[in-house]
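> Below, each chain spelled out in residue letters.
4 protein chains.
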Amino acid sequence: MIVAMQENATEEQIDAVIEVMEECGVDVHRTTGAMQTILAAVGPTAGLDITKFEVLPGVMHVHRISSPYKLAGRAFRPQGTVIEFPNGASIGGAQVAIIAGPCAIENREQIFAIAKCVNAAGGSFLRGGAFKPRTSPYSFQGLGIDGLKLMREAADAHGLATVSEVMEIAQIEPMLPYVDCFQVGARNMQNFNLLRELGQVRKPVLLKRGIAATIEELLMSSEYILSGGNYQVILCERGIRTYETSTRNTMDIAAIPVLKKLSHLPVVGDPSHGTGRRDMVAPMAKAAVAAGCDALLIEIHPNADKSVSDAAQTLYLEQFEKLVGELQVIAQAVGRTL
Amino acid sequence: MIVAMQENATEEQIDAVIEVMEECGVDVHRTTGAMQTILAAVGPTAGLDITKFEVLPGVMHVHRISSPYKLAGRAFRPQGTVIEFPNGASIGGAQVAIIAGPCAIENREQIFAIAKCVNAAGGSFLRGGAFKPRTSPYSFQGLGIDGLKLMREAADAHGLATVSEVMEIAQIEPMLPYVDCFQVGARNMQNFNLLRELGQVRKPVLLKRGIAATIEELLMSSEYILSGGNYQVILCERGIRTYETSTRNTMDIAAIPVLKKLSHLPVVGDPSHGTGRRDMVAPMAKAAVAAGCDALLIEIHPNADKSVSDAAQTLYLEQFEKLVGELQVIAQAVGRTL
Amino acid sequence: MIVAMQENATEEQIDAVIEVMEECGVDVHRTTGAMQTILAAVGPTAGLDITKFEVLPGVMHVHRISSPYKLAGRAFRPQGTVIEFPNGASIGGAQVAIIAGPCAIENREQIFAIAKCVNAAGGSFLRGGAFKPRTSPYSFQGLGIDGLKLMREAADAHGLATVSEVMEIAQIEPMLPYVDCFQVGARNMQNFNLLRELGQVRKPVLLKRGIAATIEELLMSSEYILSGGNYQVILCERGIRTYETSTRNTMDIAAIPVLKKLSHLPVVGDPSHGTGRRDMVAPMAKAAVAAGCDALLIEIHPNADKSVSDAAQTLYLEQFEKLVGELQVIAQAVGRTL
Amino acid sequence: MIVAMQENATEEQIDAVIEVMEECGVDVHRTTGAMQTILAAVGPTAGLDITKFEVLPGVMHVHRISSPYKLAGRAFRPQGTVIEFPNGASIGGAQVAIIAGPCAIENREQIFAIAKCVNAAGGSFLRGGAFKPRTSPYSFQGLGIDGLKLMREAADAHGLATVSEVMEIAQIEPMLPYVDCFQVGARNMQNFNLLRELGQVRKPVLLKRGIAATIEELLMSSEYILSGGNYQVILCERGIRTYETSTRNTMDIAAIPVLKKLSHLPVVGDPSHGTGRRDMVAPMAKAAVAAGCDALLIEIHPNADKSVSDAAQTLYLEQFEKLVGELQVIAQAVGRTL
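Chains as they are written, first to last, in my numbering: chain X, 1 to 338; chain U, 1 to 338; chain Z, 1 to 338; chain Y, 1 to 338.
Treat the hints as calculated values from the structure; they're not laboratory data.
Take these hints with a grain of salt, some might be off.
Which copy is meant is left open, because identical chains are indistinguishable; a pair holds if it fits in one copy or across any two.
[Claimed, not checked] Derived SDA-like pairs: lysine to any residue, alpha-carbon spacing no greater than 20 Å straight-line:
id, residue 1, residue 2
1, K322, F85
2, K203, L262
3, K149, L262
4, K116, M35
5, K322, Q79
6, K261, Q95
7, K149, L317
8, K322, G73
9, K322, V308
10, K261, N249
11, K322, R336
As the structure is a prediction and not an experimental result, all values here were calculated from the model.
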């Protein structure tokens with residue numbers, strides 16, 4: 001941490017800041033310039049609350065100079081993390097993984113048709129929602145564990161691994177038999193109690209970026225899981241909220257290479273939520289692969305227009321199959337397989 | 001719901017859209033203009049997913065024309081809602097309420113000193129955090145129920161009502177004896193399971209706007225609580241995330257009069273989180289009262305710089321007392337008391 | 001400027017960064033910590049492009065620690081700037097000034113009626129647009145210099161000073177006889193050629209914050225004018241663009257006290273553009289005064305609904321008169337007059 | 001335009017709205033539902049100011065249902081626009097064009113080295129800045145017309161077309177002999193006077209999206225140029241401002257397919273400004289091509305770290321050559337050449 005004092009800061013103010021720094025257990029290096037005094041904290045700065053220093057009298061700016069995350073940082077595992085799944089698939093290696101499925105599991109016929117399609121297209125992961133709290137209290141809320149059982153059966157029948165969203169701690173235990181990967185939704189990215197519990201689990205966690213979360217905050221949230229000993233975390237860019245309304249969210253494609261640079265964790269792109277529009281899923285899926293993502297998360301449904309939720313962003317199975325074919329060429333163009 | 005077709009939409013496309021609308025159970029009124037055809041849905045449109053129509057072939061725009069919320073709307077209770085508390089205080093009436101306290105309850109001495117100060121300054125509500133999940137897994141996490149017991153004692157000793165944040169469903173029951181008002185934090189504004197449970201409770205709920213939530217989404221979230229039969233909801237503006245970094249959040253003061261216009265629910269301003277800076281709390285508290293808020297939520301601490309959390313935005317007790325005095329004059333200037 | 005190196009930065013990388021810093025003409029102080037090396041630039045850092053250092057190999061973060069602006073900084077004139085006008089009015093002193101008028105000057109009758117009303121209500125400034133480039137090429141574009149002549153006559157008849165927007169350098173000269181204050185619109189906040197020319201003028205400039213400008217960028221733009229020797233700059237908060245759509249812009253009320261703290265320049269609030277909604281002008285005008293603004297800019301029109309532009313945010317004259325009366329009480333509550 | 005009245009709107013309010021609509025010259029179709037009345041404007045609605053209706057008593061929402069732009073819309077030229085240049089190159093056809101050059105033209109040696117490199121890599125367009133107003137008044141401001149002469153010479157020597165930014169109307173005439181394409185910068189996207197003048201020119205205009213402009217606003221600005229009779233407009237996505245700070249701007253890759261869908265105009269991606277970071281230019285250039293852009297705008301410099309401006313986002317010539325090679329494979333993967 002660096003504290004830059006105002007040009008007219010008094011010696012009393014400078015001493016007071018040094019005292020607070022020292023109380024926090026760090027050593028202080030002082031640089032007295034012609035214009036300004038700078039105080040550098042040296043030592044265990046990870047737990048320091050920098051905003052606290054910003055309001056001390058005479059302080060101009062405070063900057064954190066070390067990463068607030070450690071385990072998620074690229075330096076912790078420079079070669080990158082590859083996560084293996086029971087069905088033999090992996091995320092983070094040379095192959096770009098395809099994770100696909102319906103927003104909500106609706107019935108046996110639907111999920112089996114989808115599983116068959118995912119496998120036929122070359123995907124290895126089936127994703128479906130079982131708990132669907134919705135913005136409106138008047139909408140469909142999901143099949144729960146019964147839905148997960150159906151998804152497990154369909155996945156096993158087609159050699160797929162399963163991914164489903166966990167909404168609260170109490171769901172972790174009952175979900176365990178049915179999911180190969182827990183998804184944490186954007187709204188729960190900073191549900192730290194849930195993250196801490198998932199740190200105790202020994203299954204992969206796909207952590208979605210919050211709709212207004214910075215890349216640094218996403219990495220801090222992954223640190224919660226990692227610090228519990230669960231190193232199988234996958235990060236997901238799924239669009240952020242901006243002033244632009246022509247797409248539902250603004251998919252921050254640059255977050256993919258930025259995350260790959262800052263962290264060793266695999267990165268997934270979600271063009272379905274990232275755009276909220278079926279007609280934009282294909283170009284954005286291609287863009288995500290071109291920018292270096294390790295996997296794609298795509299919503300599909302045999303009768304997309306009648307999907308009980310997220311219909312607007314859901315691909316028909318034929319659209320999905322065509323897209324996967326096109327993505328294979330893009331993947332090769334960036335030195336990957338798919 | 002209004003569906004505006006593209007200028008070159010075909011009759012087949014128009015018929016297909018009408019069919020999907022009718023399947024959703026609404027009647028369709030068609031206006032065929034020289035340039036464009038417009039389809040208006042008439043009937044039970046509350047559950048319609050408008051985004052689903054946006055991607056149908058030939059559709060240009062879809063607009064919702066009725067409010068997605070009903071119980072939260074001003075029309076439901078034009079005279080406004082006043083919420084009464086056991087200590088005789090109320091929120092939503094002529095008097096602007098003061099809710100104050102520490103970010104985290106730390107110990108008996110701290111919370112009693114604060115309770116005394118709040119009462120002396122004329123405030124009626126003591127707020128303190130007991131469960132404190134933090135952005136960093138390496139920070140202080142709160143005293144839990146023991147903290148709530150201390151707060152209850154301190155509040156009772158000084159005639160105050162208590163407010164504390166509930167983080168998950170499992171905390172509701174144990175918190176009940178100690179809190180007069182549940183606070184739902186910004187990160188949980190769309191934790192619909194939690195909101196639904198709070199709809200079953202018969203105590204007031206102070207619902208904070210999410211950091212990237214629209215005003216409409218805040219009202220939709222309040223609808224979750226209201227639709228469970230709990231009509232005692234208080235809305236809170238606490239700053240939204242924008243590109244500006246000179247304050248931690250951008251406090252959307254206009255949200256106060258907008259919410260007062262759209263809804264009958266009382267509105268609280270939180271200048272502490274709204275700015276994240278101690279030196280900005282006073283001007284923004286004044287602005288919130290001038291703009292018509294029904295209450296203020298202010299973080300205070302006897303030794304603000306050493307507060308275990310949110311130190312930067314916490315007022316010293318003397319600063320708080322001075323501010324309340326100044327606010328009384330502003331309240332009078334807008335026809336309120338304080 | 002502080003350059004924080006990555007933990008694993010090599011000596012070669014550190015030396016290379018030091019070399020580039022020295023080529024920029026600054027001295028370098030090196031602090032070698034257990035984890036990280038920190039390089040502090042000492043000397044003439046105002047012209048340094050910090051982004052250039054961010055991409056050098058081995059660099060983790062770069063922070064500017066001195067203000068990029070000097071003349072606009074509060075330290076340059078701690079007592080604050082008061083700007084005097086020929087009609088005896090001033091902006092920046094104890095009195096909160098009222099600047100009001102139509103979005104566009106339309107005809108003699110309109111502007112005289114407005115001038116009379118402004119004076120009667122106690123305002124001292126008449127503002128009207130003469131050049132009105134519009135988002136759509138199919139809309140009304142303003143009366144030009146003829147409009148300014150009308151405004152000048154109306155202002156003189158009622159003892160008012162005039163404010164009007166200058167859109168390009170070529171307009172400065174012809175506008176000079178008619179305006180007491182040049183307004184620079186939000187879209188021109190970073191039209192540096194125009195700002196530089198206005199630095200040569202010896203009349204006050206009211207500089208509006210760009211719709212996506214940071215507070216620091218606004219101050220940097222004011223520095224362009226100040227550095228030309230024109231110290232009569234007034235800053236204006238008029239709303240920024242965020243994801244929220246219930247108001248046209250999000251008025252950043254906190255920008256008012258932040259600017260007052262960082263700079264000695266007077267600050268104006270514009271609740272008309274800040275909200276874009278007539279029904280929100282009054283509460284936001286009150287909030288701006290409560291938060292410490294030095295003046296308000298309000299759009300008014302005798303027949304607001306038929307104003308040729310910005311009708312939605314324009315007050316009727318009666319609404320304006322009523323508002324000014326209410327504002328006087330708020331001004332007193334914060335120790336000002338109006 | 002559709003006006004949705006509030007549920008409790010009175011007949012007087014409805015009649016008043018109809019009257020204002022009719023005064024604007026449109027016919028009104030009224031739909032009286034059980035809950036709500038809806039008024040649809042039929043006729044010449046292009047010039048209507050919808051915000052004006054939003055504040056009329058009894059109005060709930062107003063929606064525009066026809067595009068505010070006509071000439072820029074895809075329907076105007078469904079097959080798409082291809083723009084031809086004197087050197088035989090084109091933008092908008094099957095080949096993805098490469099436009100590259102320095103942020104600022106610095107000297108003969110620099111611009112000739114760059115022109116040679118662009119040509120060798122297979123690019124057809126040389127872009128360089130001659131007028132460089134900067135955020136800080138203390139920085140380098142460009143070589144002006146002398147710089148353009150150098151660029152013209154260098155371009156002619158290597159068979160390239162030239163692109164340079166025009167900052168104000170007075171520069172158009174003197175620039176004409178030297179540029180094959182005028183660039184309008186993000187800050188001037190709504191400088192309507194400049195756009196109108198460029199509508200009179202018969203050379204292509206590359207129009208950059210403003211840092212806070214919506215896609216609709218970008219199209220409206222292009223309409224200004226098109227409506228003057230200049231149909232050679234190229235749209236450019238170059239990053240928008242959001243809360244995320246790990247890249248300088250957030251490059252809205254989805255804007256590329258959205259613009260291609262809404263408009264017939266060619267679309268350029270600018271990964272240099274879009275990210276502000278040299279290490280992110282390559283992945284984002286690939287993403288832009290994968291998403292369907294018609295050209296790329298890339299900043300390059302033989303000694304990038306010592307570029308007088310935008311050093312952080314500028315590629316070295318070797319990096320550029322390598323990138324173009326990689327882009328060729330991506331272009332093929334999406335059915336284009338490069």
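> A separate judgement is required for each hint: does it hold in the structure or not?
Here is how each hint holds up against the structure:
1. For a Cα distance limit of 20 Å, the shortest separation of K322 from F85 qualifies neither inside one copy, at 26 Å, nor across copies, at 36 Å.
2. For the identical chains of this complex, K203 and L262 are neighbours neither inside a copy (23 Å) nor across copies (44 Å), given an alpha-carbon limit of 20 Å.
3. In this homomeric assembly, K149 and L262 never come within 20 Å of each other (Cα to Cα): the closest approach is 37 Å inside a single copy and 43 Å across copies.
4. Taking identical chains as interchangeable, the C-alpha atoms of K116 and M35 are never at most 20 Å apart, the minima being 69 Å within one chain and 44 Å between chains.
5. In this homomeric assembly, K322 and Q79 never come within 20 Å of each other (Cα to Cα): the closest approach is 33 Å inside a single copy and 23 Å across copies.
6. In this assembly of identical chains, the alpha carbons of K261 and Q95 lie at most 20 Å apart only when taken from the same copy (18 Å versus 31 Å across copies).
7. In this homomeric assembly, K149 and L317 never come within 20 Å of each other (Cα to Cα): the closest approach is 22 Å inside a single copy and 56 Å across copies.
8. In this assembly of identical chains, K322 and G73 lie within 20 Å of each other by CA distance neither inside one copy nor across copies; the values are 36 Å within and 28 Å between.
9. Taking CA atoms no more than 20 Å apart as the test, K322 paired with V308 passes in neither setting, with 24 Å inside one copy and 47 Å between copies.
10. For the homomeric pair K261 and N249, the shortest alpha-carbon distance between copies (17 Å) is at most 20 Å, but the shortest distance inside one copy (24 Å) is not.
11. Proximity of K322 and R336 under a CA criterion of 20 Å is satisfied in both settings, with 19 Å inside one chain copy and 18 Å between copies.
In this structure, the hints that do not hold are numbers 1, 2, 3, 4, 5, 7, 8 and 9, in rising order.
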